[in-house]
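In order, the protein sequences belong to chains A and B. The letter at position 323 of the first sequence is residue 323 when you use the working numbering, and the numbering goes up by one with no holes. The letter at position 79 of the second sequence is residue 79 when you use the working numbering, and the numbering goes up by one with no holes.
Hints in this document: simulated from the structure, not taken from any laboratory. Wrong hints could be hidden among the right ones.
[Unchecked claim] Which residues of chain B face chain A? A partial, calculated answer using Cβ under 8 Å:
1. 18
2. 37
3. 43
4. 45
5. 78
6. 79
7. 81
8. 84
9. 87
10. 112
11. 133
All values derive from a computational prediction rather than experimental measurement. Glycine included, each C-beta is placed from N, C-alpha and C at the ideal position.
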Amino acid sequence: MSISNKHPQRDSAATEAMGGEELLVTGGHSFSTLTDKVSGIVETKTPPKWYLLFAMAVSGMMVLLGAIGWLIWEGTGIWGLNNPVGWGWAIVNFVFWVGIGHAGTLISAILFLLRQQWRTAINRFAEAMTIFAVICALVFPGIHVGRIWLAYYMFPIPNQMLIWPNFRSPLLWDIFAVGTYFTVSTLFWYVGLIPDLATLRDRATKVRKKVLGFFAMGWRGGNRQWQHYEKAYLMLAGLATPLVLSVHSVVATDFATSMVPGWHTTIFPPYFVAGAVFSGFGMVMTLAIIARKIYGLEDIITVNHLEKMNKIILVTGSMVGYAYMTEFFIAWYSGNEFEVFAFINRAFGPYAWAYWIMFLCNVITPQIFWFKKLRRSIPVMFVASIFVNIGMWFERFVITVTSLSRDFLPSSWDYYSPSIWDILTFVGSFGLFFTFFLLFLRFLPMVALSEVKGVMPEADPHNYHSEGGAK
Amino acid sequence: MSQTLGALARFTNPAELIEAAKKVRDAGYKKFDCHSPFPIHGMDDAMGLKRSPLGYIVGGMTLTGATVGMTLQYWVAAVEYPLIISGKPFFSWQAFIIVTFALFVLFGAFGAVLGMFHLNRLPRLHHPVFYSDKFAKVTDDAFYVSIEAEDEKFDDEKIKKFLSSIGGTDVELLVGE
Chain A
1 MSISNKHPQR DSAATEAMGG EELLVTGGHS FSTLTDKVSG IVETKTPPKW YLLFAMAVSG
61 MMVLLGAIGW LIWEGTGIWG LNNPVGWGWA IVNFVFWVGI GHAGTLISAI LFLLRQQWRT
121 AINRFAEAMT IFAVICALVF PGIHVGRIWL AYYMFPIPNQ MLIWPNFRSP LLWDIFAVGT
181 YFTVSTLFWY VGLIPDLATL RDRATKVRKK VLGFFAMGWR GGNRQWQHYE KAYLMLAGLA
241 TPLVLSVHSV VATDFATSMV PGWHTTIFPP YFVAGAVFSG FGMVMTLAII ARKIYGLEDI
301 ITVNHLEKMN KIILVTGSMV GYAYMTEFFI AWYSGNEFEV FAFINRAFGP YAWAYWIMFL
361 CNVITPQIFW FKKLRRSIPV MFVASIFVNI GMWFERFVIT VTSLSRDFLP SSWDYYSPSI
421 WDILTFVGSF GLFFTFFLLF LRFLPMVALS EVKGVMPEAD PHNYHSEGGA K
Chain B
1 MSQTLGALAR FTNPAELIEA AKKVRDAGYK KFDCHSPFPI HGMDDAMGLK RSPLGYIVGG
61 MTLTGATVGM TLQYWVAAVE YPLIISGKPF FSWQAFIIVT FALFVLFGAF GAVLGMFHLN
121 RLPRLHHPVF YSDKFAKVTD DAFYVSIEAE DEKFDDEKIK KFLSSIGGTD VELLVGE
């Protein structure tokens with residue numbers, strides 16, 4: 001096979017062809033070297049470091065399973081919940097993990113509809129992150145019901161008691177919204193994987209070829225297939241876009257439809273969505289920086305990609321900051337003393353420490369990305385992304401706990417602290433997440449090969465027409 | 001008994017594949033396909049393909065999902081298990097929009113994925129093109145035209161000449177059982 005797709009003086013010519021835009025894939029890759037690079041990751045012998053990390057992740061998952069086992073045996077009394085604070089870390093963690101998922105769908109669906117071609121480098125593992133984050137999220141409401149063997153009450157299933165769920169409740173909306181979100185994200189991810197599984201299949205032999213061939217479904221890359229495939233991808237993006245915006249809006253209504261001061265605000269749905277995207281990009285950034293370093297993907301996930309993600313972090317972080325301030329303004333402007341108290345208590349009451357951690361991490365940290373130099377500095381953005389992750393967890397903690405701990409009757413007010421089981425369950429959920437994520441990195445192509453090839457200048461038929469002439 | 005199932009020819013880049021597609025189409029072949037590692041812009045027109053009908057499938061599925069969602073909630077809340085909750089009417093449709101929308105999306109997504117599999121006749125683990133040893137490169141960086149033997153114009157002798165004449169290399173007949 002001596003036929004090369006490499007274009008002479010590719011970089012300069014191609015850059016010109018794209019109207020002076022910077023190349024998405026650097027390092028002079030051809031289609032074939034790109035395939036080798038990404039497929040090679042899952043075809044070589046498993047590195048010992050992977051086993052080490054996997055062992056750590058599985059240990060974390062075991063901690064989660066142990067904590068859940070003890071919870072089922074003993075009941076929700078093992079958690080730090082008390083009388084006014086019935087929603088503790090479990091709900092905080094649920095909202096945290098669902099929120100993280102949103103970045104993956106934003107990258108795969110919304111940026112697709114907006115024709116942001118740079119998304120191709122990061123969409124595969126951002127989508128994987130979405131699916132695993134939603135799995136972690138779904139654990140929490142499941143175990144929070146206390147009597148887990150009755151969890152099927154949440155679903156509209158005919159039962160011997162002839163009772164049905166209440167469809168006017170946001171908690172039931174959540175089941176449908178998050179359940180649909182998980183299913184649609186998984187379908188979207190799998191459809192995206194099919195051509196790349198075919199690539200791996202065509203490089204493999206024996207059993208591996210058969211297994212990959214089964215999942216690639218006999219993909220042949222014919223244009224008669226691509227035609228329907230692209231349409232399906234577009235349709236899925238079109239469906240996932242309103243879905244992702246609705247999912248966190250519905251999560252927000254869990255709070256906003258109640259009468260609790262501090263929760264009962266109409267700003268919640270858009271503010272939750274912005275926060276979700278913000279937290280998700282924080283997590284994508286953390287994972288992307290580590291993965292590109294370990295697997296040497298600097299040519300595919302370039303600093304330009306990271307800079308664009310930092311811009312999204314800056315925008316959504318500022319939206320979150322704006323929402324924090326609007327909440328205070330509206331509390332004051334409403335003239336409602338209970339509402340005013342709820343917010344003053346939030347910033348200066350017993351949980352002021354959590355509020356200011358949140359504020360520093362979510363509002364102040366992203367502002368550093370106004371500066372190009374900081375936006376393109378990998379150590380800076382790595383630290384900032386960790387701050388974003390921490391800050392967004394605290395946001396959900398602040399919202400959930402400060403309002404509940406100061407509810408309607410001062411006689412029932414109480415301070416909430418987590419128990420060791422709350423902490424172990426949360427830490428364990430990271431174990432669950434990384435167990436899935438490491439398996440994904442090991443066995444599936446972490447970059448959407450067919451999509452990245454499709455946005456390279458060589459993929460554009462017009463790139464070849466006028467050899468030597470004006471590009 | 002072995003027989004010819006089709007023919008394959010390789011082309012060097014997307015632009016050549018598009019040119020080849022036009023020539024194959026103009027020569028009157030119907031059962032041909034252009035294989036590439038990624039979708040190529042403009043190929044549908046070059047091959048003379050009609051618009052994908054997938055949109056109608058998805059449209060039908062979304063409306064089915066929405067209908068199922070609203071009907072389920074109406075039946076549960078107003079017929080089977082009517083309860084007065086916060087003084088709202090039994091059929092409080094405004095509160096039912098969320099679940100209706102979720103099922104709209106869920107059914108639509110299944111319509112998009114399963115509809116795409118149906119239109120592409122997938123899964124199909126056997127196909128004449130897989131008889132070629134070189135064809136595996138198509139998911140890496142190769143561009144191929146395939147013409148099936150079932151095509152009316154297909155002729156073992158002429159097809160090889162034709163594929164070479166439009167610029168194809170590595171021309172081969174696909175022979176299988």
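Notebook entry, point to check: Looking back at the numbered hints, which does the structure fail to meet, lowest number first?
Noted result: Per hint list: 4, 5, 6, 8, 9 and 11 violated.
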